[in-house]
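*Asks:* If you want the building blocks of each chain, they are given just below.
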Amino acid sequence: DAGVIQSPRHEVTEMGQEVTLRCKPISGHNSLFWYRQTMMRGLELLIYFNNNVPIDDSGMPEDRFSAKMPNASFSTLKIQPSEPRDSAVYFCASSLGLERIGGYTFGSGTRLTVV
Amino acid sequence: DQQVKQNSPSLSVQEGRISILNCDYTNSMFDYFLWYKKYPAEGPTFLISISSIKDKNEDGRFTVFLNKSAKHLSLHIVPSQPGDSAVYFCAAKGNAGNMLTFGGGTRLMVKP
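Chains as they are written, first to last, in the working numbering: chain A, 2 to 116; chain B, 3 to 114.
Take these hints with a grain of salt, some might be off.
Unchecked claim - Just some of the chain A residues that point at chain B, by a computed CB distance under 10 Å:
id, residue
1, R10
2, V13
3, T14
4, G29
5, M40
6, L46
7, R112
Unchecked claim - Below, computed lysine to any residue pairings styled on SDA-like, alpha-carbon distance capped at 25 Å:
id, chain 1, residue 1, chain 2, residue 2
8, B, K56, B, F67
9, A, K79, B, A43
10, A, K79, A, E15
11, B, K7, A, G17
12, B, K58, B, P114
13, B, K73, A, L46
14, A, K69, A, R10
15, B, K73, A, E45
16, B, K73, B, I20
17, A, K69, B, M101
18, B, K39, A, L46
19, B, K7, A, K79
20, B, K70, B, I20
21, A, K25, B, F48
22, B, K39, A, G60
23, B, K39, A, N72
24, B, K39, A, A3
25, B, K39, B, L13
26, B, K7, A, R10
27, A, K25, B, K39
28, B, K7, A, A3
29, B, K7, B, D86
30, B, K7, A, D57
31, A, K79, B, M101
32, A, K69, A, L47
33, A, K69, A, T39
34, A, K25, B, L49
35, B, K39, A, S8
36, B, K7, A, R42
37, B, K39, A, P9
38, B, K39, B, K70
39, B, K39, A, R10
40, B, K56, B, E17
Just so you know, these hints were derived from the structure itself, not from any lab. Where is the CB? At the ideal position from N, CA and C, for every residue including glycine.
Next comes chain A alone, as it looks inside the complex (with noise of 0.2 Å):
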């Protein structure tokens, strides 16, 4: 298993510009999250899916950032328009069911550089 696989690794763009990040993730998981990791708040839970289904969308912080998961095996988070506070490092997870616990499994995660 390749494990969850996140695109592209890194990523700058200017200000003002649509940012689009890809998730695959394992085969057979059916919980998807997007976290967000800085260095002031850490990692930070932006929305997850269950069976490709947005269960919780209160980590969004603004309506500049969406997310979607067409099908079990993708999932994007998209910002449009891109501002330099979002510049953070963006980590996709994975885990089976809602009882497997430690079951979380993370991408390597999209370096986002906004200039």
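Using the hints, position chain B against chain A.
*Replies:* Just chain B now, kept in the frame of chain A:
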């Protein structure tokens, strides 16, 4: 309002000594706690967990202690090794859903 807090952003320990990482939480509905370890340029990886019905869980060099009355947990690593140098995140789960709330992390440096 951070429900899970790691008040020490960094910790430096000599190789062979004990490392103690601390975590405090405010939500009494949390019923499961985990520690994750993160190396640079990698995602966090699960290390050890503990249910709220227990006060200790041990796995090799790693032991997690839970003090529910104080809403405090700690991770003990003994003996510490240079390869343990990483950022450690404490996380907690409520009794509904599968979401984890993470602390801000503690950077552990084990010096040879």
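*Asks:* Decide, hint by hint, whether the structure agrees.
*Replies:* Here's how the hints hold up against the structure:
1. R10: Since the shortest Cβ distance to chain B is 8 Å, the answer is holds.
2. V13: At 16 Å from the nearest chain B Cβ, V13 (chain A) fails the 10 Å test, so the hint is violated.
3. T14: At about 20 Å, which exceeds the 10 Å cut-off, the nearest Cβ of chain B leaves the hint on T14 (chain A) violated.
4. G29: violated (15 Å)
5. M40: With a closest approach of 9 Å, the M40 (chain A) hint holds.
6. L46: holds (6 Å)
7. R112: At 8 Å from the nearest chain B Cβ, R112 (chain A) passes the 10 Å test, so the hint holds.
8. B:K56 / B:F67: With a Cα-Cα distance of about 9 Å, the restraint between K56 (chain B) and F67 (chain B) holds, given a limit of 25 Å.
9. A:K79 / B:A43: The given pair, whose Cα atoms are some 22 Å apart, holds under the 25 Å limit.
10. A:K79 / A:E15: holds (15 Å)
11. B:K7 / A:G17: violated (33 Å)
12. B:K58 / B:P114: violated (29 Å)
13. B:K73 / A:L46: This hinted pair holds, its Cα atoms lying about 21 Å apart.
14. A:K69 / A:R10: holds (19 Å)
15. B:K73 / A:E45: Given pair K73 (chain B), E45 (chain A) holds - Cα atoms ~20 Å apart, limit 25 Å.
16. B:K73 / B:I20: The given pair, whose Cα atoms are some 22 Å apart, holds under the 25 Å limit.
17. A:K69 / B:M101: holds (18 Å)
18. B:K39 / A:L46: It holds: about 17 Å lies between the C-alpha atoms, which stays within 25 Å.
19. B:K7 / A:K79: The given pair, whose Cα atoms are some 29 Å apart, is violated under the 25 Å limit.
20. B:K70 / B:I20: holds (23 Å)
21. A:K25 / B:F48: holds (19 Å)
22. B:K39 / A:G60: Given that 25 Å is the threshold and the Cα spacing comes to 23 Å, the pair holds.
23. B:K39 / A:N72: Distance of about 30 Å is beyond 25 Å: violated.
24. B:K39 / A:A3: holds (19 Å)
25. B:K39 / B:L13: Measuring from Cα to Cα gives roughly 14 Å; hence the hint holds.
26. B:K7 / A:R10: violated (28 Å)
27. A:K25 / B:K39: holds (22 Å)
28. B:K7 / A:A3: The hint is violated at about 32 Å.
29. B:K7 / B:D86: Judged against 25 Å, a Cα distance of about 21 Å means the pair holds.
30. B:K7 / A:D57: Between K7 (chain B) and D57 (chain A) the Cα gap is close to 22 Å, so the pair holds against 25 Å.
31. A:K79 / B:M101: Measuring from Cα to Cα gives roughly 21 Å; hence the hint holds.
32. A:K69 / A:L47: holds (12 Å)
33. A:K69 / A:T39: The given pair, whose Cα atoms are some 22 Å apart, holds under the 25 Å limit.
34. A:K25 / B:L49: It holds: about 23 Å lies between the C-alpha atoms, which stays within 25 Å.
35. B:K39 / A:S8: holds (22 Å)
36. B:K7 / A:R42: Status holds; Cα separation ~10 Å.
37. B:K39 / A:P9: Between K39 (chain B) and P9 (chain A) the Cα gap is close to 22 Å, so the pair holds against 25 Å.
38. B:K39 / B:K70: Roughly 23 Å separates the two Cα atoms, so the pair holds.
39. B:K39 / A:R10: Since the Cα atoms of K39 (chain B) and R10 (chain A) sit roughly 20 Å apart, the hinted pair holds (cutoff 25 Å).
40. B:K56 / B:E17: violated (29 Å)
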